[in-house]
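One line per chain: the protein sequences are A and B, in this order.
For the first sequence, the working numbering assigns the number 5 to the initial residue and increments by one for each residue that follows.
For the second sequence, the working numbering assigns the number 137 to the initial residue and increments by one for each residue that follows.
A hint or two may mislead.
Unchecked claim - Heads up, simulated DSSO-like pairs for lysine-lysine below, C-alpha to C-alpha not over 30 Å straight-line: (1) K321(B) x K398(A); (2) K206(B) x K99(A); (3) K200(B) x K489(A); (4) K423(A) x K489(A).
Said to hold, decoys possible - Coverage of chain B stretches by chain A, computed from C-beta distances (three or more under 8 Å per stretch; other residues unrestricted): (5) 199-209; (6) 218-226; (7) 261-271; (8) 280-291.
What the hints assert, rightly or not - One side of the interface only, derived from the structure: several residues of chain A facing chain B at Cβ under 8 Å: (9) F78; (10) A103; (11) F106; (12) L107; (13) H111; (14) S145; (15) V148; (16) G151; (17) T271; (18) E403; (19) A430; (20) N434; (21) A435.
If you're looking for bench data, these hints aren't it; they were derived computationally from the structure.
Even for Gly, the Cβ is constructed at its ideal location relative to N, Cα and C.
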Amino acid sequence: MELPKGMHATTSRDHGAPPLSQAGLWGWLNRRTGLDDLLRVALDEPIPGGARFAYIFGSGLLFIFISQVITGIFLALYYVPSADHAHTTVAYITKVVTAGSFLRSLHAYGASAMVVVLFLHLSQTYIYGSYKGRRELLWLSGCVLFGLVLAMAFTGYLLPWDQRAYFATAVGTNAVSEVPWMGESIKRLMRGGTEMGTLTISRFFVAHVFLIPAGIFALVASHIFLFRKAGAAGPVKEDPYHPKQEAEPFYPRQVLMDLSLTALLITGLGLLCFFVPIELGPPANPADAQYIPRPEWYYLPIFQWLKYWHGSAAIVGVLVIPTLLVLAILALPFLDRGIERRPWKRPAAMGAYAFVVFSLLGLGFRSQYLDRHDSGVAQQLAKQQAEEGEYARKPFEPELSSASLAAANVALADPLAAKGKTIFEAQSCNACHGDGGVGTAAAPALIGIGTKFSPDRLAEVFKHPTAKMNAGGMPPIDLPPDDLKALIAYVESLK
Amino acid sequence: MLDRAGNPENTIPEPSPSGLSIESRRSFLGVLLALGSFFVGTLLSVPLIRFALFPLLRRTTDLKNSPVGKLDDFTSLTEPVMRTIEIEQVDGWRKAISEKAVYVTKNSQGQLRVLTSICPHLGCTVPWNKEKHQFVCPCHGATFAADGTRVSGPSLRGMDTLETSVEDGQLLVRFQYFRQLVSDKEVIG
Chain A
5 MELPKGMHAT TSRDHGAPPL SQAGLWGWLN RRTGLDDLLR VALDEPIPGG ARFAYIFGSG
65 LLFIFISQVI TGIFLALYYV PSADHAHTTV AYITKVVTAG SFLRSLHAYG ASAMVVVLFL
125 HLSQTYIYGS YKGRRELLWL SGCVLFGLVL AMAFTGYLLP WDQRAYFATA VGTNAVSEVP
185 WMGESIKRLM RGGTEMGTLT ISRFFVAHVF LIPAGIFALV ASHIFLFRKA GAAGPVKEDP
245 YHPKQEAEPF YPRQVLMDLS LTALLITGLG LLCFFVPIEL GPPANPADAQ YIPRPEWYYL
305 PIFQWLKYWH GSAAIVGVLV IPTLLVLAIL ALPFLDRGIE RRPWKRPAAM GAYAFVVFSL
365 LGLGFRSQYL DRHDSGVAQQ LAKQQAEEGE YARKPFEPEL SSASLAAANV ALADPLAAKG
425 KTIFEAQSCN ACHGDGGVGT AAAPALIGIG TKFSPDRLAE VFKHPTAKMN AGGMPPIDLP
485 PDDLKALIAY VESLK
Chain B
137 MLDRAGNPEN TIPEPSPSGL SIESRRSFLG VLLALGSFFV GTLLSVPLIR FALFPLLRRT
197 TDLKNSPVGK LDDFTSLTEP VMRTIEIEQV DGWRKAISEK AVYVTKNSQG QLRVLTSICP
257 HLGCTVPWNK EKHQFVCPCH GATFAADGTR VSGPSLRGMD TLETSVEDGQ LLVRFQYFRQ
317 LVSDKEVIG
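Chain A on its own, in the form it takes in the complex (with noise of 0.2 Å):
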């Protein structure tokens, strides 16, 4: 890389070691690391034409990032992906844990905040026609961040399980099967099956926590690095091969900049997520035939258009135009060879941008002004809306474990059951069998012995226990007629 005047990214390497005057602590360490080499690497990036506020979006989304990044991790310490937990952890970090509400809608705001800022960024490298010039590899990494960005965004937003999650993902995954010929079996993919369930939670948690997330570390790794190889483009009437205009280091005034599109991040944020904080709705009820489901603001333009193409036109709406749309982005560093940089000497490729842009706002204020002026659908959002906001003001109310369930499920079956279960506790044999028959270290579980035990063979060994059960402690069991048919019964039910 050629460095432009006044530039001295490796000088202390030119020089062997860092000074010896380097004493302590971050003299050892940096002479051991280098650690002043790679922070000079990286605030003497040479910016041609010096700092501006375009170029301060990329950054930007480096610190969304993290922040998604931390803010997961933390969600993760009571997050719970599966369809009988999701829901109640969820309301669980939103209602009783101390800041669960702030960072949750953090993780929910800052995934609206990348979308923004990653168009921003998207937006800023298009106009200026940054991708030109040996910048292929570098717009081509960004193009599937944006890909894997926007797959963030739909594999998060089930994980709430909630009925506005529910049914945006069920609509999303139905609109996959669209797709002619393997549309149905990528649904299936995605779904884990026909239907919607906790094994599309397993799923889309595991591509939201692990897969995407690591795609991105390594495409943000070679986003960068490629442009530090190529170097910042600088602004719109600089040689994207040979910047000419004199160089301004990234440190201090571009950092600077940067550093106020953080802040505006930081304040923005925090004062959205601790005034309207993001709700969660009541759980997702699968049989609710009524819910009208809506996806996130981003994904409103993909929903309406959708909408446009059924039958056997849906192969050109749903494939044909979506495909060469993409190819189109993907392929503009290769297609635009020109040197011209200058947006109003790019009169096509400008044209294109405002098209598709306008297109997308298009289609998401149809979307939006549809439901609002049917009055069916706009009197239904309203309803559900009212129905999160209820819920969100409810107290949280904890999970009933299945274990107890089961126990007051027989209580409610068969009174002769109920009766025998009186019997069983009243007899202490659940300070040997556990109690509901789970069995314990002394005794064994009783669960299930119905299929293998008549009640006669029960009340049998009840009154006569084997040498086997002798042994192990069981005494005879010595009861009414009544009592022990209500006692056989109860162990009868276990299951």
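Here the structure of chain A is known, so what remains is to put chain B in place on it, guided by the hints.
Frame of chain A, contents of chain B only:
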């Protein structure tokens, strides 16, 4: 960076005569930024730390006091009566409801006592024997008086009393387990 600014002779000579002042300005800014980042970082980590330490600072596992019955029902007790209580055990975001048998009885001064039905010997449930007017454990024959004090048998102590309280005329009890096979009552959970 401080060192570099403080000892310019050890760093690379700046190409411009004003290099030193630029270096010091950059270093000063660096310190400011480092302090600022540290401050903001500390501020941002406050909710994270509070979130992570929540189970240490609050009670997340809890055993609720269980109602045994109306106080009036027990005023004219002549012998221990068995009551099944519902125990709600909260564990983080889940709770378990189980049932346990306890005895309501009176001690020698005529005060109400609630005894756990678990034998302090090896944990069998001890039934009340009307004929003998004693608690007789079916497993190893330990016997206890009506107020739960040890009479005979292998148990090293009398039956365990549970903490009680009264709320709106209701007798409440806090169910606990106690270590078996020891002479002193010791809570284990």
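Here is how each hint holds up against the structure:
With a CA separation close to 41 Å, the supplied pair K321(B) and K398(A) exceeds the 30 Å bound. The hinted pair formed by K206(B) and K99(A) fails the criterion: a straight-line CA distance of about 34 Å is larger than 30 Å. For the proposed pair K200(B) and K489(A), the alpha carbon gap of about 34 Å is over 30 Å, so the pair is violated. Our distance criterion of 30 Å between C-alpha atoms is met by K423(A) and K489(A), whose separation comes to about 10 Å.
With 0 residues having a Cβ less than 8 Å from any Cβ of chain A, the region 199-209 of chain B misses the three-residue criterion, and the hint is violated. Look at the region 218-226 of chain B against chain A: 3 of its residues bring a Cβ nearer than 8 Å to a Cβ of that chain, three or more, so the hint holds. For the region 261-271 of chain B, the stated coverage by chain A is satisfied: 3 residues place a CB nearer than 8 Å to a CB of that chain, which reaches the threshold of 3. Only residues whose beta carbon comes within less than 8 Å of a beta carbon in chain A count, and the region 280-291 of chain B has 0; fewer than three means the coverage is violated.
Given the 8 Å rule on beta carbons, the hint for F78(A) holds: about 6 Å separates it from the nearest Cβ of chain B. The interface hint given for A103(A) holds, since its Cβ lies 4 Å from the closest Cβ of chain B, which is under the 8 Å cut-off. Taken as an interface hint, F106(A) checks out: its beta carbon lies about 5 Å from the nearest beta carbon of chain B, inside 8 Å. With its C-beta approaching chain B no nearer than about 5 Å, L107(A) sits inside the 8 Å limit, and its interface hint holds.
For H111(A), the interface hint is violated, since its Cβ never comes within 8 Å of a Cβ in chain B; the closest pair sits about 11 Å apart. Here the hint on S145(A) is broken, as its CB sits about 27 Å from the closest CB of chain B, past 8 Å. For V148(A), the suggested interface contact is broken, since its CB lies about 29 Å from the closest CB of chain B, more than 8 Å. For the restraint placing G151(A) at the interface with chain B, the shortest Cβ-Cβ distance is roughly 29 Å, beyond the 8 Å limit, so the hint is violated.
A least Cβ separation of about 10 Å between T271(A) and chain B goes past the 8 Å threshold, and the interface hint is therefore violated. Residue-level restraint check for E403(A) holds (minimum Cβ-Cβ distance to chain B is 5 Å; threshold 8 Å). Hint status for A430(A) relative to chain B: holds, with the closest Cβ pair at about 6 Å, below 8 Å. Because the closest C-beta pair between N434(A) and chain B is about 7 Å apart, less than 8 Å, the hint holds.
The interface hint given for A435(A) is met, as the beta carbon of that residue sits about 4 Å from the closest beta carbon of chain B, less than 8 Å.
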